[in-house]
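Read top to bottom, the protein sequences are chains A and B.
Our numbering puts the first residue of the first sequence at 1, with every later residue one more than the last.
Our numbering puts the first residue of the second sequence at 1, with every later residue one more than the last.
Warning: the hint list may mix true and false statements.
EDC-like, lysine to aspartate or glutamate: derived pairs with alpha carbons at most 16 Å apart [what the hints assert, rightly or not]:
#1 K485/B x E191/A
#2 K186/A x E259/B
#3 K495/B x E191/A
#4 K305/B x D233/B
#5 K186/B x E118/B
#6 K197/A x E191/B
#7 K197/B x E191/A
#8 K378/B x E23/A
These are computed hints drawn from the structure, not numbers from a lab.
Listed here are the chains, written in short residue letters.
Number of protein chains: 2
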Amino acid sequence: MNEGAFDRIRNEQFRGKIVSAEEAASWIQDGMKLGLSGFTRAGDAKAVPTALVNKAKTESFKVDVYTGASLGPEVDQYMAEANIINKRWPFQADPLMRKKINAGEIIYVDQHLSHTAELVRSGLIGPIDFAIVEAMAITEEGLIIPTTSVGNSAIYVEHAKHVIIELNVSHPSELEGIHDIYIPAKQGEREPIPLTKVDQRIGTIGISVDPDKVVGIVVSYQPDAPSTIVPPDEETALMANHFLQFLREEVKSGRLTEELAPLQSGVGSIANAVLSGFLNSEFSELEIYSEVLQDAVFDLMDAGKVKYASGCSFTLSEEKGYQVYENIEKYRDQLILRPQELSNHPEIIRRLGLISINTALECDIYGNVNSTHISGTKMMNGIGGSGDYARNARLGIFLTKSIAKNGKISSIVPFVSHVDHTEHDVDVIVTEQGYADLRGLAPKERAQKIIDNCAHPMYRPQLQAYFDEALEQTGGHQTPHNLDKAFTWYTNLAKKGTMLDTVFEVVQ
Amino acid sequence: MNEGAFDRIRNEQFRGKIVSAEEAASWIQDGMKLGLSGFTRAGDAKAVPTALVNKAKTESFKVDVYTGASLGPEVDQYMAEANIINKRWPFQADPLMRKKINAGEIIYVDQHLSHTAELVRSGLIGPIDFAIVEAMAITEEGLIIPTTSVGNSAIYVEHAKHVIIELNVSHPSELEGIHDIYIPAKQGEREPIPLTKVDQRIGTIGISVDPDKVVGIVVSYQPDAPSTIVPPDEETALMANHFLQFLREEVKSGRLTEELAPLQSGVGSIANAVLSGFLNSEFSELEIYSEVLQDAVFDLMDAGKVKYASGCSFTLSEEKGYQVYENIEKYRDQLILRPQELSNHPEIIRRLGLISINTALECDIYGNVNSTHISGTKMMNGIGGSGDYARNARLGIFLTKSIAKNGKISSIVPFVSHVDHTEHDVDVIVTEQGYADLRGLAPKERAQKIIDNCAHPMYRPQLQAYFDEALEQTGGHQTPHNLDKAFTWYTNLAKKGTMLDTVFEVVQ
Chain A
1 MNEGAFDRIR
11 NEQFRGKIVS
21 AEEAASWIQD
31 GMKLGLSGFT
41 RAGDAKAVPT
51 ALVNKAKTES
61 FKVDVYTGAS
71 LGPEVDQYMA
81 EANIINKRWP
91 FQADPLMRKK
101 INAGEIIYVD
111 QHLSHTAELV
121 RSGLIGPIDF
131 AIVEAMAITE
141 EGLIIPTTSV
151 GNSAIYVEHA
161 KHVIIELNVS
171 HPSELEGIHD
181 IYIPAKQGER
191 EPIPLTKVDQ
201 RIGTIGISVD
211 PDKVVGIVVS
221 YQPDAPSTIV
231 PPDEETALMA
241 NHFLQFLREE
251 VKSGRLTEEL
261 APLQSGVGSI
271 ANAVLSGFLN
281 SEFSELEIYS
291 EVLQDAVFDL
301 MDAGKVKYAS
311 GCSFTLSEEK
321 GYQVYENIEK
331 YRDQLILRPQ
341 ELSNHPEIIR
351 RLGLISINTA
361 LECDIYGNVN
371 STHISGTKMM
381 NGIGGSGDYA
391 RNARLGIFLT
401 KSIAKNGKIS
411 SIVPFVSHVD
421 HTEHDVDVIV
431 TEQGYADLRG
441 LAPKERAQKI
451 IDNCAHPMYR
461 PQLQAYFDEA
471 LEQTGGHQTP
481 HNLDKAFTWY
491 TNLAKKGTML
501 DTVFEVVQ
Chain B
1 MNEGAFDRIR
11 NEQFRGKIVS
21 AEEAASWIQD
31 GMKLGLSGFT
41 RAGDAKAVPT
51 ALVNKAKTES
61 FKVDVYTGAS
71 LGPEVDQYMA
81 EANIINKRWP
91 FQADPLMRKK
101 INAGEIIYVD
111 QHLSHTAELV
121 RSGLIGPIDF
131 AIVEAMAITE
141 EGLIIPTTSV
151 GNSAIYVEHA
161 KHVIIELNVS
171 HPSELEGIHD
181 IYIPAKQGER
191 EPIPLTKVDQ
201 RIGTIGISVD
211 PDKVVGIVVS
221 YQPDAPSTIV
231 PPDEETALMA
241 NHFLQFLREE
251 VKSGRLTEEL
261 APLQSGVGSI
271 ANAVLSGFLN
281 SEFSELEIYS
291 EVLQDAVFDL
301 MDAGKVKYAS
311 GCSFTLSEEK
321 GYQVYENIEK
331 YRDQLILRPQ
341 ELSNHPEIIR
351 RLGLISINTA
361 LECDIYGNVN
371 STHISGTKMM
381 NGIGGSGDYA
391 RNARLGIFLT
401 KSIAKNGKIS
411 SIVPFVSHVD
421 HTEHDVDVIV
431 TEQGYADLRG
441 LAPKERAQKI
451 IDNCAHPMYR
461 PQLQAYFDEA
471 LEQTGGHQTP
481 HNLDKAFTWY
491 TNLAKKGTML
501 DTVFEVVQ
């Protein structure tokens, strides 16, 4: 299945460019800006980052790291550990990097994932000194064929001064042809993006590059780090049921057909688990238009439930990844990987009318969502693409378990400690307790529904007491709050180890 | 200039349908849903609402009122006063209605202005019992020609069970031809919207309607209520200068050309005043792609600075309105009015790369913006189109004076009491003190810049103290906060009448 590196460089101009990772790393200097391939641990450059970590043992330098999204350990763990990252854009999800970010040691710009490419194109980000992108082949025409993600690779290659290709021969050659690279022109000069169907191809199978910019090709053999998701559990199964129940009501009302609408599902275990819920549902002929394609998408393909999936990466568990690669011929005709600018583009999201499913850290009684900050201050991962989708989709659905840490934390709170998605963008909240359909409701209507349907029973009286008191104090304002008490849930958690007020403990 | 009503009904099928406003009002029953024309006091139905207010003297009923945006006094003041509005969507800006909303007497759904049409189309809003739309003519083909706004009229007419037309002969016949009505198909079935230039026409000059649905035509003579904006002042002049300075830096850096990019400017005095700033600038050949076109747009046309303006309404002061109507021939070739779904469409906003200017009630040190709620609970107007623009534009710029109520209120606070625009969408904040370009900055970088450049000097030490303490307490978390103190500024304001802490008063 795997050919040698030389066979995969099918254009003469590129063949003489093979260098060691160490040599490539030696070109990278303090203060440089690197545009790396990779999206949610998939298709990331690995060899040069590893060489940079080694180089850091004898040389002091820092670089700015721009990527598609979170990368595997070579960048987001080892480079962070080696203290060679100054600034990191636009998403990460690594425990060690997170620690460094929250210690003020790495500057982190948390950004809508469709926005980064526009900022590179406009010149705000840049100039990128080196684009370092993983590829599985270089075609006769000199196109770079990406691997398991497209992410921002095409835009970095276009705008970088120099390009380093990591030719990773661990990827099967059958991946070639699943990518569709389309790069919009500058804002104000571009045409409508012609995409109207999930399975439509509008670009090329690889990334165009000026061969003179390619200064080195590093051969690599290292597979992607497997995803870190955990399997569905009892609570995610309940959430999946509530979500399916909501969809059934939409079909019954005539607002959706049996084929639903293209689905987007956010990164992580909960969104993956809820998507898995379709396995045991009556729905089939599903289409996926998402950023990362996780295990559930391929499980649904195996079950004949998904007819087509478009994403900008696939990030799989070790087991699923192995199975998919062994049977890549079977999947490839149902798959497209696009640049994240396309997978997350408001134009396409709105046109196709996606059903968007993302995970919240916490929601408040008015439907505002915190996706990023623990107790309002500590960065968890980042907003990712959730804002691209929730604002522009047909349905912006957020998932969260109603409690965390054995009930010490309620994920439904009076006032979220950080707002990533405002009440205007949050259509439905799903917890294991039930779902709240918030569309067309005013804040006070929303509050009662969220408390009744989504909060954990142990926290309902405390939430109701907050809401009732705020309602009375304000005399019925549009959004009743008691700002004196709005954040006491977090200060209680910090001081007493639980959000639960003593007075309500009896209700448990 | 004005012909009689009969001459303006150029299709035979419609001529027998003239009824009195009272008769039309008699059809409207308790519990009905009305879809009204009008956007920011322009082109609203006036006669039937007035008749409904009269009818309420002898009959008890309530209706749900869906519009484009805020309407003139006939609906948002008098109907509110008469207690005949149950639910109001998606925007209002009337002092009396606001009072009723914050007393819990009117249910108010505050919504992104591009979203309402999608919800009507999907069936979530509806069925609309009566669409009541102002028109200036009905063409030979039976097209309804709107007046000074398009708003949501076309979608309400399409989806209503019955249509009442208010034929308002106070509008000059030369308005005909300035509208461009394009209605996207359902999500998932639509083509790309072909609009790539501000001055491009992609639709028809009027709204198609099934003549059988038109149950009555009410003749009206009442002009639009003039806008309530106040003229530029010393502070808005400073804000305009800072804004222009920011644009000059963008041109210098090569990120913008001298022609800039199409401008959107939000409703209200401050955005209008800042737009006026272009009068005394080197910039010309400007294009406007906005929702409401206010006085400044026409002043800039008069000065030869604006070559084309596309909006969904124009809302003018009495004086400017008179001048524009007297010279409508001069303006009409530089104007298009579109449905608000088009003026505010993420697809178009992103494609054209708008420079978006909207007003904030307050901003926090991390760049989150409150556009809607006074002290977090009381609704002011609503989010309007600001979210459609800020998320999807090239540049999301927010304006606010740094203090209000003679310094008792700081518009720069530690943590906004309501979030309408998150840090991810706020690129630049402008106050009379200066501007903060937040693009590509992490939260701690943003905080220092906002405090230094935008806060009023009397509040800078207090903001700095909050930030420094939060930084120390968290040890440098991504977004330092002290949640115990985050909202004390509002509780101080409520208790002591000022946000200013005694300890910092000396600094004034």
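Verification of the supplied hints:
At most 16 Å may separate the alpha-carbon atoms for a hinted pair to count; K485/B and E191/A exceed this at roughly 49 Å. Between K186/A and E259/B, the direct Cα distance comes to roughly 15 Å. Compliance with the 16 Å bound is thereby established for this hinted pair. Straight-line distance between C-alpha atoms of K495/B and E191/A comes to about 56 Å, which puts the hinted pair past the 16 Å bound. Our distance criterion of 16 Å between C-alpha atoms is broken by K305/B and D233/B, whose separation comes to about 21 Å.
Restraint check for K186/B and E118/B: the C-alpha separation of about 8 Å stays at or below 16 Å, so the hint holds. A distance of roughly 10 Å separates the Cα atoms of K197/A and E191/B; the hinted pair therefore holds under the 16 Å criterion. For the given pair, K197/B sits about 10 Å from E191/A by alpha-carbon distance, which is consistent with the 16 Å threshold. The suggested pairing of K378/B with E23/A is violated, with an alpha-carbon distance near 62 Å, which exceeds 16 Å.
Of the numbered hints given earlier, the model fails hints 1, 3, 4, 8; all others are met.
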